[in-house]
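Trainee: Letter by letter, the chains look like this.
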Amino acid sequence: MIYSDKVMDHFANPRNVGELRNANGIGEVGNPKCGDIMKMYLRIEDGIIADIKFKTFGCGAAVATSSMATELVKGKTINEALSLTNKAVVEALDGLPPVKIHCSVLAEQAIKSAISDYYKRQGIDPIPLVGEIKED
Amino acid sequence: MPKLVYVDNAATTNLSKSVINAMIPYYTENYGNPSSLYSIGRDAKKAIEFAREEIANCFNADVNEIFFTSGGSESDNWAIKGIAYEQAKKGKKHIITSKIEHHAVLHTTEFLENEGFEVTYLNVNEDGIINTDELENAIKPDTALVTIMYANNEIGTIQPIDEIGTICRKYNVIFHTDAVQAVGNIEIDVKKQNIDLLSVSAHKVHGPKGVGVLYVRRGIKILNLIHGGAQERGRRASTENVAGIVGASVAIKEACHNINEKVSKISRLRDYLIDEVLKIEKSRLNGSRTHRLPGNANFCFEGIEGESLLLLLDMQGVCASSGSACTSGSLDPSHVLLSIGLPHEIAHGSLRISLSDYNTKEEIDYILEILPGIINKLREMSPLWEKIVCENTK
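First to last, the protein sequences are chains A and B.
Numbering-wise, the first sequence is residues 1 to 136 according to the numbering used here.
Numbering-wise, the second sequence is residues 1 to 394 according to the numbering used here.
Any given hint could be a false lead.
Claimed, not checked - FRET-style restraints, in silico, Cβ to Cβ:
1. B:G228 with A:E91: 47 to 57 Å
2. A:M1 with B:I280: 26 to 36 Å
3. B:P372 with A:M1: 21 to 31 Å
4. B:K209 with A:M1: 17 to 27 Å
5. A:E19 with B:F111: 44 to 54 Å
6. A:G95 with B:D365: 37 to 47 Å
7. B:T239 with A:D9: 44 to 54 Å
FYI, nobody ran anything at the bench for these hints, they're computed from the structure.
Remember, it's a predicted structure, so these values are computed and weren't measured experimentally.
Glycine residues also receive a C-beta, built at the ideal position from the N, C-alpha and C atoms.
For reference, chain A alone in the conformation it holds in the complex:
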């Protein structure tokens, strides 16, 4: 199994890794049994993803897709972030081995889960806006 240079770069030097103290949306997907958990911290201001951080337990692809997903939505509107697909994450990383595609799905779901949490905190039902989150 060979990772692209981009995957290795995002794995070795993950962007936006860590916690966000003033986060107003936090989402976590995956489970330890399957070997990957992704946690996303969002700071949303005026409908824009003003800041984003992540923490991930998992393989190289899990870390790299988390890192790339944060890069792709940072500074974007909520709607733009919601339209992020796992395919876009895979393409931005110059591809993933087939067995690792589920990592990109998890990254997409982690972003959606954090936005759901943001809506809930605002007293807004997230389901019509975000849809159901696949948690693992």
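The hints should help you fit chain B onto chain A, whose structure is shown.
Mentor: Below, chain B without anything else, positioned relative to chain A:
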């Protein structure tokens, strides 16, 4: 800093210089087909027969009991399928094995289950050792074969082979052992240990890849796996891998020479490594501390995942291995780690370091220098570690 620290010797090993030197003439000058009549064919044939004798001597076998194959996996496949189908003619269709075998054994027994055979998978204890009472109780009148590995490739646990051999002999059941990891680490005597079939691989002991050995005790009937020629006395077709066979015999002979000296040197290094690594918070050693291959160390580090650990080690020049699901391409972590009772989330964070007599203390020191930092880096970004720390401070 060393350029490359190779500590994955349970996966494969470097070729020893004497092995290469012994092999080269059979690629350059004596390239004849051993089945041919002319001199370079006869020379090749002689080389094979000399190699067979050398290998037989290593395990106290007779020369006619040694067969060359394409590797450990073929030896396992041949032993198990060959005995199963032969014994099935007498109505014996039950096989006993363990839950922690190599996939070359487990996938073969699964194949046979689909063919209508019944297979008993023995449990192992927390060290990875089978219970010989459970084995004895599992033997039935229609048991065709017991196949239990000599030593485990992941956690290095050594099975009570002498006892297993005695039990099988008592009930007159054929006993096969996959000794791929044991050769060169433990003295093997097929006669004294009542071993009926033994699988060996050359590339685990500084020999060439693609060459294996199957020992079959005289008088044991086994069906052929590879059909098509008279090689190996009609038991295994295919033009012989002459250079490979010569290399295998030199490697196996070297491996079985001075075992005690090598074992004491390697296990000293291993024990130093284990003692130091276990100082890392929330780490554990998998497998038995005492019934263990001299070169094997297998750890789990809570809160991190094995593949990430391997990638970071590789970036700093260390070649190691993991029972991580992600390295094998399946979602479940190692069947061996689950069988010794580890929960999934801990089994995901395993690291196997396997040493050979080529490794040095400097290399171990280098690993010990970089490992804690790598584990910290991964734990700092792990939401699972956050939870573990949180639960501990409660």
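Trainee: Of the numbered hints stated previously, which ones are contradicted by the structure, given in increasing order?
Mentor: none
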